[in-house]
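Construct all of the structure, not just a fragment, from the sequences and the given hints.
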Amino acid sequence: MNNIEKYHLGITGTSNSEIKNAYPEKSTELEKPKSSAESNSEFSLWGKPGKDAVYLGMWSFHLSLLVNQDAEENWQHDLLAVAYSGFIAGSFINSFNDRCYVFALHRSIYRTGDKNGFSTDLGYNLGVVKGYDSRLVSIADDLKYLPFFQVTYDISWKMLGLQLSYVGTVLTAGFYIEYEI
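The sequence shown maps to residues 511 to 691 in my numbering.
The reader is advised that the hints may include incorrect statements.
[Unchecked claim] DEER-style ranges, computed between Cβ atoms: (1) Val647 with Asn626: 40 to 48 Å; (2) Ile649 with Leu573: 18 to 26 Å; (3) Leu672 with Arg609: 23 to 31 Å; (4) Asp624 with Lys654: 39 to 47 Å; (5) Ser648 with Phe613: 21 to 29 Å; (6) Glu583 with Lys625: 40 to 48 Å; (7) Lys668 with Arg645: 15 to 23 Å.
Simulated from the structure, these hints should not be mistaken for laboratory data. Just so it is clear, the structure is predicted and the values come from calculations on it, not from any experiment. Every residue, glycine too, gets a C-beta built ideally from N, C-alpha and C.
Shown next as structure tokens:
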């Protein structure tokens, strides 16, 4: 039987390594939010820190291609990123074949897991990306760092995983390896 971990709005002091192995011990009930006095010293944003992982490779499908069948874009992005303690930073080749750099909050909203090491995770990344120009959006020439919001869904077994995501008009898939420090 799967244990389901449901998160409240706000981050608790739980570390990633405690979260990673806590499925059998976690309750299926909503956690009681901390009082504002207890959480004044903590950084607060919706969800808990995402998994600590190294992300290797990313492939994309642009939904805009469904409308414009003549467009030719790079589908393989050579992603290399590291997620640690609720943040993610990395680099990839975008669809226009330009090098991009990304930095974001890396959060998990809903996680399930079982005793065999299989888990799923619904989360998001909220941050900035550098390396795009007006081919993506007209304001990109004026802004050095573009804000982005990416919805993520992870499927993993033990420490190996597949991440599916949606950002803007793009669906992506990539692999990751979890780690502990």
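C-beta pair Leu672, Arg609: status relative to the range 23 to 31 Å that was hinted: Holds - the Cβ-Cβ distance for Leu672 and Arg609, about 24 Å, lies within 23 to 31 Å.
Distance restraint hint 15 to 23 Å, applied to the beta-carbon atoms of Lys668 and Arg645: 40 Å, violated
Verdict for Val647, Asn626 (Cβ pair) under range 40 to 48 Å: Holds: the Cβ-Cβ distance is about 43 Å, inside 40 to 48 Å.
Cβ distance range 39 to 47 Å for Asp624 and Lys654, holds or violated: Between Asp624 and Lys654, where Cβ atoms are some 44 Å apart, the hint holds.
Distance restraint hint 40 to 48 Å, applied to the beta-carbon atoms of Glu583 and Lys625: Hint holds: Cβ distance 42 Å, inside 40 to 48 Å.
Outcome of range test on Cβ distance (Ile649, Leu573; 18 to 26 Å): Since the Cβ atoms of Ile649 and Leu573 sit about 20 Å apart, the hinted range of 18 to 26 Å holds.
Phe613 and Ser648 - C-beta distance against the hinted 21 to 29 Å: 23 Å Cβ-Cβ, so the 21 to 29 Å window holds.
Checked against the numbered hints listed earlier, the structure breaks hint 7 alone; every other hint is satisfied.
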